[in-house]
Amino acid sequence: MIKYIIKRILYLIPIMLGVSAIIFILKTFTPGDPARVILGNDATQEQVDAKREELGLNDPVIIQYGNYIKGIVTRGDFGDSYRTGNPVLSEILPRLKTSGLITLGAVAIGAVIGVLLGIISALRKYTWVDSLVLVISMFFQSVPEFVVALVLIFIFAVNYHLLPSSGIETASGYILPMLCIGLSSVASYTRITRSSMLEVLSEDYIRTAKAKGQTDSNITKHHALRNAMIPVAQSIGTNLGNSIGGAMVLETVFGVPGVGKYIVDSITQRNYPSVLGGALIIAMVLTIINLLVDISFILIDPRLKSTIIAGGKKSKKVKETAAKAA
Amino acid sequence: MDENILDIEDLVVHYETEDEVVEAVNNIKLTMKKGEILGLVGETGAGKTTTALAIMGLLPERVGAIKKGKIKFEGENLLEKSKREMRAVRGKKISMIFQDPMTALNPVKTVGDQIAEVILLHDKCSKVEALKRAQDMLALVGIVPERYKDYPHQFSGGMKQRIVIAIALACEPDLLIADEPTTALDVTIQAQILDMMRALQKKNNTSTILITHDLGVVAEMCDHCAVMYAGEIVEYGTLEEIFDNPKHPYTKALYKSIPSLDKDVDRLHVIPGMVCDPSDLPSHCSFYDRCDEKCDACKLHDPLPYEIKDGHVVKCLKYQAREEE
Numbered sequence: 001m002i003k004y005i006i007k008r009i010l011y012l013i014p015i016m017l018g019v020s021a022i023i024f025i026l027k028t029f030t031p032g033d034p035a036r037v038i039l040g041n042d043a044t045q046e047q048v049d050a051k052r053e054e055l056g057l058n059d060p061v062i063i064q065y066g067n068y069i070k071g072i073v074t075r076g077d078f079g080d081s082y083r084t085g086n087p088v089l090s091e092i093l094p095r096l097k098t099s100g101l102i103t104l105g106a107v108a109i110g111a112v113i114g115v116l117l118g119i120i121s122a123l124r125k126y127t128w129v130d131s132l133v134l135v136i137s138m139f140f141q142s143v144p145e146f147v148v149a150l151v152l153i154f155i156f157a158v159n160y161h162l163l164p165s166s167g168i169e170t171a172s173g174y175i176l177p178m179l180c181i182g183l184s185s186v187a188s189y190t191r192i193t194r195s196s197m198l199e200v201l202s203e204d205y206i207r208t209a210k211a212k213g214q215t216d217s218n219i220t221k222h223h224a225l226r227n228a229m230i231p232v233a234q235s236i237g238t239n240l241g242n243s244i245g246g247a248m249v250l251e252t253v254f255g256v257p258g259v260g261k262y263i264v265d266s267i268t269q270r271n272y273p274s275v276l277g278g279a280l281i282i283a284m285v286l287t288i289i290n291l292l293v294d295i296s297f298i299l300i301d302p303r304l305k306s307t308i309i310a311g312g313k314k315s316k317k318v319k320e321t322a323a324k325a326a
Numbered sequence: 327m328d329e330n331i332l333d334i335e336d337l338v339v340h341y342e343t344e345d346e347v348v349e350a351v352n353n354i355k356l357t358m359k360k361g362e363i364l365g366l367v368g369e370t371g372a373g374k375t376t377t378a379l380a381i382m383g384l385l386p387e388r389v390g391a392i393k394k395g396k397i398k399f400e401g402e403n404l405l406e407k408s409k410r411e412m413r414a415v416r417g418k419k420i421s422m423i424f425q426d427p428m429t430a431l432n433p434v435k436t437v438g439d440q441i442a443e444v445i446l447l448h449d450k451c452s453k454v455e456a457l458k459r460a461q462d463m464l465a466l467v468g469i470v471p472e473r474y475k476d477y478p479h480q481f482s483g484g485m486k487q488r489i490v491i492a493i494a495l496a497c498e499p500d501l502l503i504a505d506e507p508t509t510a511l512d513v514t515i516q517a518q519i520l521d522m523m524r525a526l527q528k529k530n531n532t533s534t535i536l537i538t539h540d541l542g543v544v545a546e547m548c549d550h551c552a553v554m555y556a557g558e559i560v561e562y563g564t565l566e567e568i569f570d571n572p573k574h575p576y577t578k579a580l581y582k583s584i585p586s587l588d589k590d591v592d593r594l595h596v597i598p599g600m601v602c603d604p605s606d607l608p609s610h611c612s613f614y615d616r617c618d619e620k621c622d623a624c625k626l627h628d629p630l631p632y633e634i635k636d637g638h639v640v641k642c643l644k645y646q647a648r649e650e651e
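Protein chains in written order, with the numbering used here: chain Y, 1 to 326; chain C, 327 to 651.
Errors might be hidden in some of the hints.
DSS-like mimics (lysine-lysine), calculated; alpha carbons at most 30 Å apart, straight line [stated by the list, open to error]: (1) C:K409 to Y:K125; (2) Y:K221 to C:K450; (3) C:K355 to C:K528; (4) Y:K7 to C:K450.
By construction, these hints were calculated from the structure, which means they are not laboratory data.
Make a model of the complete structure from these sequences and hints.
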């Protein structure tokens with residue numbers, strides 16, 4: 001298990017190198033001079049040239065790239081923001097925490113509601129309950145997130161004054177963004193759970209459980225649910241990743257200082273160190289989330305344990321025995 | 327009468343979908359004595375499994391419907407029992423072994439838990455005790471008891487079927503239904519499993535219905551044999567009667583299609599034609615189209631089962647008419 005985790009963390013290295021290289025290449029092809037951006041239009045050409053020299057922008061791209069990577073590896077330094085002059089890392093980390101919290105809450109809301117609805121509609125398949133669940137989940141899937149956001153703001157903030165309409169100064173500020181992102185993902189969880197449950201419920205081992213005299217509710221709880229959760233766990237992983245860096249629209253609507261909005265703002269400001277740092281850190285987080293999801297698979301499905309973890313060892317053993325036999 | 331463990335009377339099972347009604351089991355009558363092994367033979371779609379599922383009360387919901395008849399088990403009609411009462415019967419009094427051991431076990435539960443589950447359901451005991459008994463069951467079917475912590479994917483096909491058998495026998499049922507227990511296994515493993523089943527059957531004197539399309543298996547295992555065709559029992563009798571003195575043209579044709587070791591034949595005997603469509607059964611004898619002993623009268627009547635000899639029942643106009651002449 002530990003060997004497997006270490007192996008997966010080592011995969012981070014090529015991923016990081018790839019992501020940073022792509023952004024570095026994009027940066028060199030983008031028109032506009034970062035030094036000019038930092039100093040403003042009033043600066044003299046001498047000042048701009050001096051700034052370019054200071055930032056190392058006159059060096060060949062490959063040297064710039066090398067220096068950047070060296071900075072990260074030796075000092076954990078992702079560069080300084082062109083706009084504020086603060087280290088990128090210190091700007092991103094609090095935003096990452098905010099985005100992470102909202103995403104976790106949202107995925108929890110979405111997954112709990114979605115999985116419950118999915119189970120209900122699978123157990124009541126082809127009845128009016130099933131159709132109702134389908135209609136509701138399709139509704140939330142087809143309405144754009146920001147519309148749901150505006151409606152929620154209208155109801156909870158404007159009409160009833162229960163929650164703040166924007167900002168995260170108080171903990172209650174987190175509720176609306178979480179709810180909004182969560183509700184929009186309910187549909188996908190419902191559908192995945194429903195189809196996965198239906199598939200599992202038609203499996204032979206469910207019939208075996210019935211033949212034992214087991215009750216329907218216990219069959220759902222003990223036999224069907226765990227088997228049906230494998231595709232759902234996969235989808236939770238994907239959703240976690242998507243909403244951490246990809247929630248800029250909602251972060252804008254709710255005035256939440258999150259990572260997504262930070263990166264988009266940095267792009268429009270040609271604030272390359274922030275873009276680069278943001279992308280790298282998100283890539284790192286995604287890789288770790290993926291690893292956690294894969295570990296959760298192993299916990300759900302014992303068959304994967306032997307294929308994923310013992311995979312290397314086992315195949316070696318098989319090879320040895322095969323060689324002996326030959 | 328009390329000796330009969332199972333009495334099926336005029337059982338009719340239909341599968342109803344929006345487009346059609348499949349008449350899977352038509353008016354079958356079947357009696358089993360305690361401790362007997364009954365072979366239920368017939369080709370695919372003859373209604374063997376449907377009969378078994380009807381006994382278990384496990385016909386597919388909404389689709390499968392018992393239209394008529396009684397299934398009396400130890401004198402009580404199972405069809406009149408509530409869902410809760412049937413749950414108490416399943417696994418405890420009547421158990422079933424399914425065809426494909428590869429898919430019959432839950433992949434995410436240990437085999438020990440899966441055996442212990444049925445014990446916990448029916449016999450009041452602690453979890454620890456149930457696991458202990460599960461290990462005893464594993465030993466009984468020839469698996470090292472220490473492997474109770476393993477998952478199904480860590481066992482081979484034959485061993486999985488042993489585990490399925492262990493589950494079925496864990497509560498010492500009065501009636502065991504084995505639905506093609508060896509079909510999915512290769513021949514050497516088939517023999518092992520059958521030997522083991524026979525030994526366990528002798529030990530507990532469990533009444534057993536053995537569903538198969540392999541007449542060889544029937545010859546080795548059974549006391550009585552019922553041949554099914556298109557949802558009907560066309561011939562029923564003791565093993566000796568059915569094997570030495572087959573009467574129904576279908577039974578005879580089945581024997582002809584068994585490859586012989588002594589005779590050198592290029593092609594095996596085949597029964598011409600196809601099984602008639604169970605959603606569109608003829609009003610006359612359902613074997614008429616494929617029968618090589620048919621006569622004109624066969625197209626007019628659907629024969630009734632007729633007892634030609636003590637306990638030997640044939641559903642063929644030929645024998646019925648002869649007796650009436």
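Verification of the hints:
1. C:K409 to Y:K125: Roughly 20 Å separates the two Cα atoms, so the pair holds.
2. Y:K221 to C:K450: holds, 21 Å
3. C:K355 to C:K528: Between C:K355 and C:K528 the Cα gap is close to 26 Å, so the pair holds against 30 Å.
4. Y:K7 to C:K450: Cα-Cα ~48 Å, so violated.
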